[in-house]
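Colleague: Residues per chain, in single letters:
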Amino acid sequence: MTSPLQQKIKVTGPNVVTANRLGDGAVVYRTADGGWATEIGQAAVVADASAALQLLNAAKADGKRAVDVYLAPVKLEGDGIKPGNLRETIRMRGPTIDLPAGLGI
Amino acid sequence: MYHYDDFDRTLVAERVGEFRGQVTRRLAGELTEDEFKSLRLMNGVYLQLHAYMLRIAIPYGTLSSDQMRRLAHVARRFDRGYGHFTTRQNIQFNWIKLAELPDAMAALAEAGLHGMQTSGNCVRNITTDQWAGVAPDELEDPRIWAELLRQHLTLHPEFSFLPRKFKIAVSAAKHDRAAVKVHDLGLYMHKNAEGEVGFEVMVGGGLGRTPFIGKTIKPFLHKRDLLSYVEAVLRLYNQYGRRDNIYKARIKILVHDKGAEAFGKEVDAEWQTIKDSALALEPDVIADISSRFSYPEYLPLSDSPQELEAARKDAAFAAWHENAVTRHRMPGYAIVTLSLKPVGKPPGDATADQMDRIAKIADQYSFSEIRVGHEQNLVLPHVAQRDLPAVWRELEAIGVATPNVGLVSDIIACPGLDYCSLANARAIPVAQEISKRFADPRVAKDLGRLHVNISGCINACGHHHVGHIGILGVEKNGEEFYQITIGGRADERAELGTLVGPAVPYEDVADIVEDIAEAYLALRESPAEKFIDTFSRVGVEPFKERVYATR
Numbered sequence: 001m002t003s004p005l006q007q008k009i010k011v012t013g014p015n016v017v018t019a020n021r022l023g024d025g026a027v028v029y030r031t032a033d034g035g036w037a038t039e040i041g042q043a044a045v046v047a048d049a050s051a052a053l054q055l056l057n058a059a060k061a062d063g064k065r066a067v068d069v070y071l072a073p074v075k076l077e078g079d080g081i082k083p084g085n086l087r088e089t090i091r092m093r094g095p096t097i098d099l100p101a102g103l104g105i
Numbered sequence: 001m002y003h004y005d006d007f008d009r010t011l012v013a014e015r016v017g018e019f020r021g022q023v024t025r026r027l028a029g030e031l032t033e034d035e036f037k038s039l040r041l042m043n044g045v046y047l048q049l050h051a052y053m054l055r056i057a058i059p060y061g062t063l064s065s066d067q068m069r070r071l072a073h074v075a076r077r078f079d080r081g082y083g084h085f086t087t088r089q090n091i092q093f094n095w096i097k098l099a100e101l102p103d104a105m106a107a108l109a110e111a112g113l114h115g116m117q118t119s120g121n122c123v124r125n126i127t128t129d130q131w132a133g134v135a136p137d138e139l140e141d142p143r144i145w146a147e148l149l150r151q152h153l154t155l156h157p158e159f160s161f162l163p164r165k166f167k168i169a170v171s172a173a174k175h176d177r178a179a180v181k182v183h184d185l186g187l188y189m190h191k192n193a194e195g196e197v198g199f200e201v202m203v204g205g206g207l208g209r210t211p212f213i214g215k216t217i218k219p220f221l222h223k224r225d226l227l228s229y230v231e232a233v234l235r236l237y238n239q240y241g242r243r244d245n246i247y248k249a250r251i252k253i254l255v256h257d258k259g260a261e262a263f264g265k266e267v268d269a270e271w272q273t274i275k276d277s278a279l280a281l282e283p284d285v286i287a288d289i290s291s292r293f294s295y296p297e298y299l300p301l302s303d304s305p306q307e308l309e310a311a312r313k314d315a316a317f318a319a320w321h322e323n324a325v326t327r328h329r330m331p332g333y334a335i336v337t338l339s340l341k342p343v344g345k346p347p348g349d350a351t352a353d354q355m356d357r358i359a360k361i362a363d364q365y366s367f368s369e370i371r372v373g374h375e376q377n378l379v380l381p382h383v384a385q386r387d388l389p390a391v392w393r394e395l396e397a398i399g400v401a402t403p404n405v406g407l408v409s410d411i412i413a414c415p416g417l418d419y420c421s422l423a424n425a426r427a428i429p430v431a432q433e434i435s436k437r438f439a440d441p442r443v444a445k446d447l448g449r450l451h452v453n454i455s456g457c458i459n460a461c462g463h464h465h466v467g468h469i470g471i472l473g474v475e476k477n478g479e480e481f482y483q484i485t486i487g488g489r490a491d492e493r494a495e496l497g498t499l500v501g502p503a504v505p506y507e508d509v510a511d512i513v514e515d516i517a518e519a520y521l522a523l524r525e526s527p528a529e530k531f532i533d534t535f536s537r538v539g540v541e542p543f544k545e546r547v548y549a550t551r
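Chains as they are written, first to last, in our numbering: chain A, 1 to 105; chain B, 1 to 551.
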């Protein structure tokens, strides 16, 4: 069995580590200081496998605050960090539809 | 309605207490996520894209008005004011906080509702015809058998860790409205040559990654033997179902690999060892369960009362009556389907305000009873025909009287990529766009019965394989694409759909559906020939030629 330290991951561009907050499931991003933020702009960005693995393993070890931890691709646009695919865009922004309200009429 | 006793109430309440302790330990860090995950799943708690999701069983689709009010309360107090009715007679709340889940479950438990066995590798919520007990084409009420199975299989120690989930559906009507042939175990009640009512047992049906229509392994099973025979099937599955590969773990793979006949023989051999055990259902046991189902004290009424005939002069009422109202087994009464598919809105969603109003309408007009169907609509099962005009006005006022039941805009759709962590593509916006394209009731009526089913991934929660038009969302190089099939059906003549052409991007799906509808109008022999019958007659090629010729 491969130990976590021996894990190999492929990183082909900028990535962040994302997860869901334990208490309410909200989408969170790992920050450079070892915390979690709900804003993707505050996420630590990694661009090579070694840094990605280090960030990922530290985040996974923080199971009291966040769950379902994984690497997600991002795009760097100007000073901003944007989700790298539709799934991550929806996770960041919420459903693409209007949520039902009131009497539905 | 079925009346729970103290045993049921204690069981559900104790389970809430147990889960409260588990949540407390998880939040305190005393349980890891790996340890906690299986515990939460046993209570119907998933982690989705944005939040935790709680799935609650509505056994055999029957809800009291008090239970509906309790669902409204939970939606309002613990969620974002709405819930989503699923294709398995469950409801899902999408935004519940982990710390508040025990309180939400306690509130539900007070009304006899829970999430046990709505997830995990166990026997899931047992489903049936949403018109059970009131349909004129029914032999007898199938809910009695669903309830017997529910009691036997809830927290059954031998079947709490099956290779994979196991879904059972029961139908007792001539027209199968419970999709029994696409369940792991389908029970279809019918009469044998001697006039005795029993079960045809089908196994290995299912959708998902590897779809199969169920195969009959027992053409006629006596009622007495229901529990022992189902137990024998589950034992075989538990012993031989694959645990090494999640994609090959469902019973359909086992039945396919062994062959239905061989599997049936093995079940039979196992069954012989237990059929005369305590599992045999003696008449007093059946009578006891039956006695806990209460039926309304119907008034002696006649069909087509004067109030109804007068109201039918109103074109809007007449359209709704023709579409959403069905004959009842009792004279003077009707079955009313509430469309949760308003044009441009998410299929199957109901707000807390709607739930409260529906509960009130049920109290006033349907003996306080509501049903949930696998097509993601609701039903008032006992409405006096003379009350139909008043009921229509009330339903219209809360947006659940769109006259599109069974028509092209009555779309089944899973939550898709807007909510679900498994999804590859969105399903709800696709459904919304299609329903807008067919918003004209005259167009939808002309097309007639036409089921459009949409799934956001291969797991097929939107039952796309058995849609007359089936739409499956896939991901290609980071983009949403959709495979489209036609000719599927989930009724007593269940079939899997046939691919009509290459996958198309998100923007083109509604266009393709419109083209398929136009092809049908051109190909049908007469307006009386339904879409599915035209497909059966001509096959996929003429549709393919018309829809893809210019693409």
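Check each hint, because a few of them may be wrong.
A short, non-exhaustive set of chain B residues, derived as facing chain A with CB atoms under 8 Å [stated by the list, open to error]:
(1) L49
(2) Y52
(3) A280
(4) I398
(5) D418
With a straight-line cut-off of 30 Å between C-alpha atoms, the simulated DSSO-like cross-links for lysine-lysine are [said to hold, decoys possible]:
(6) B:K37 x B:K248
(7) B:K37 x A:K8
(8) A:K75 x B:K215
(9) A:K75 x A:K60
(10) B:K218 x B:K191
(11) B:K445 x B:K476
(12) B:K174 x B:K97
(13) A:K60 x B:K476
(14) A:K60 x B:K275
(15) B:K345 x B:K248
(16) B:K165 x B:K313
(17) B:K223 x A:K8
(18) B:K167 x A:K60
(19) A:K75 x A:K64
(20) B:K97 x A:K82
(21) B:K345 x B:K436
(22) B:K258 x B:K223
(23) A:K82 x B:K476
(24) A:K10 x A:K60
(25) B:K530 x B:K476
(26) B:K97 x B:K37
(27) A:K64 x B:K345
(28) B:K97 x A:K64
(29) A:K60 x B:K174
(30) A:K10 x B:K218
(31) B:K313 x B:K258
(32) B:K167 x B:K275
(33) A:K82 x B:K345
(34) B:K174 x A:K10
(35) B:K191 x B:K265
(36) B:K476 x A:K10
(37) B:K174 x A:K8
(38) B:K313 x B:K215
(39) B:K258 x B:K218
(40) B:K165 x B:K476
Think of the hints as simulated: they come from the structure by calculation, not from any bench. Cβ atoms here follow ideal geometry from the backbone N, Cα and C, with glycine treated the same way.
Colleague: Hint by hint, note whether the structure agrees.
Modeller: Going down the list of hints, with the structure as the test:
A hinted interface residue such as L49 of chain B counts as satisfied when its beta carbon comes closer than 8 Å to some beta carbon of chain A; here the least separation is about 5 Å, so the hint holds. The beta carbon of Y52 of chain B comes within 4 Å of a beta carbon in chain A, closer than 8 Å, and the hint placing it at the interface holds. Evaluation of the A280 of chain B hint against chain A yields a violated restraint, the C-beta minimum of about 46 Å exceeding 8 Å. Contact between I398 of chain B and chain A, as hinted, is supported at the beta carbon level, the nearest pair being about 5 Å apart and thus within 8 Å.
Taking 8 Å as the C-beta cut-off, the interface hint given for D418 of chain B holds, the closest approach to chain A being about 4 Å. This hinted pair checks out: K37 of chain B and K248 of chain B have alpha carbons roughly 22 Å apart, not beyond 30 Å. A distance of roughly 26 Å separates the Cα atoms of K37 of chain B and K8 of chain A; the hinted pair therefore holds under the 30 Å criterion. Of the supplied pair hints, the one linking K75 of chain A and K215 of chain B is violated, its CA atoms being roughly 50 Å apart against a limit of 30 Å.
Proposed proximity of K75 of chain A and K60 of chain A is supported: the alpha carbons are some 23 Å apart, at most 30 Å. For a cut-off of 30 Å, the pair hint linking K218 of chain B to K191 of chain B stands: about 14 Å separates their Cα positions. Between the alpha carbons of K445 of chain B and K476 of chain B the distance comes to roughly 36 Å, so the proposed pair goes past 30 Å and is violated. Our distance criterion of 30 Å between C-alpha atoms is broken by K174 of chain B and K97 of chain B, whose separation comes to about 44 Å.
Taking the CA atoms of K60 of chain A and K476 of chain B, the gap is about 29 Å. The hint holds against a cut of 30 Å. Between the alpha carbons of K60 of chain A and K275 of chain B the distance comes to roughly 51 Å, so the proposed pair goes past 30 Å and is violated. Note on K345 of chain B and K248 of chain B: the hinted pairing is violated, with a Cα-Cα distance of about 36 Å set against a maximum of 30 Å. Distance restraint check for K165 of chain B and K313 of chain B: the Cα-Cα separation of roughly 50 Å exceeds the 30 Å cut-off, and the hinted pair is therefore not satisfied.
For the hint pairing K223 of chain B with K8 of chain A, the CA-to-CA distance comes to about 57 Å; that exceeds 30 Å, so the pair is violated. Annotation: proposed proximity of K167 of chain B to K60 of chain A is violated, straight-line Cα distance about 34 Å (limit 30 Å). For the given pair, K75 of chain A sits about 29 Å from K64 of chain A by alpha-carbon distance, which is consistent with the 30 Å threshold. Distance check on the hinted pair: K97 of chain B and K82 of chain A sit about 27 Å apart at the alpha-carbon level, within 30 Å; holds.
For the hint pairing K345 of chain B with K436 of chain B, the CA-to-CA distance comes to about 9 Å; that is within 30 Å, so the pair holds. This hinted pair checks out: K258 of chain B and K223 of chain B have alpha carbons roughly 27 Å apart, not beyond 30 Å. Between the alpha carbons of K82 of chain A and K476 of chain B the distance comes to roughly 20 Å, so the proposed pair stays at or under 30 Å and holds. At roughly 18 Å between alpha-carbon atoms, K10 of chain A and K60 of chain A fall within 30 Å of each other, so this suggested pair holds.
This hinted pair does not check out: K530 of chain B and K476 of chain B have alpha carbons roughly 34 Å apart, beyond 30 Å. A C-alpha spacing of about 15 Å is found between K97 of chain B and K37 of chain B, which places the hinted pair at or below 30 Å, so the restraint holds. With a C-alpha separation of about 38 Å, the suggested pair K64 of chain A and K345 of chain B falls outside the 30 Å cut-off, and the hint is violated. Note on K97 of chain B and K64 of chain A: the hinted pairing holds, with a Cα-Cα distance of about 15 Å set against a maximum of 30 Å.
Distance check on the hinted pair: K60 of chain A and K174 of chain B sit about 54 Å apart at the alpha-carbon level, beyond 30 Å; violated. About 52 Å separates the Cα atoms of K10 of chain A and K218 of chain B, which puts this hinted pair outside 30 Å; it is violated. Between K313 of chain B and K258 of chain B the CA atoms are separated by roughly 60 Å; this puts the pair beyond 30 Å, and the hint is violated. Between K167 of chain B and K275 of chain B the alpha-carbon distance is near 22 Å, which keeps this suggested pair within the 30 Å criterion.
Our distance criterion of 30 Å between C-alpha atoms is met by K82 of chain A and K345 of chain B, whose separation comes to about 29 Å. For the hint linking K174 of chain B to K10 of chain A, the alpha-carbon distance of about 56 Å lies beyond 30 Å, and the restraint is violated. Taking the CA atoms of K191 of chain B and K265 of chain B, the gap is about 23 Å. The hint holds against a cut of 30 Å. Among the hinted pairs, K476 of chain B with K10 of chain A is consistent with the structure: their alpha-carbon atoms are about 19 Å apart, no more than 30 Å.
Taken as a hint, the K174 of chain B and K8 of chain A pair is broken in the structure, with Cα atoms around 57 Å apart against an allowance of 30 Å. The hinted pair formed by K313 of chain B and K215 of chain B fails the criterion: a straight-line CA distance of about 48 Å is larger than 30 Å. Straight-line distance between C-alpha atoms of K258 of chain B and K218 of chain B comes to about 16 Å, which keeps the hinted pair within the 30 Å bound. Of the supplied pair hints, the one linking K165 of chain B and K476 of chain B holds, its CA atoms being roughly 29 Å apart against a limit of 30 Å.
Of the numbered hints given earlier, the model fails hints 3, 8, 11, 12, 14, 15, 16, 17, 18, 25, 27, 29, 30, 31, 34, 37, 38; all others are met.
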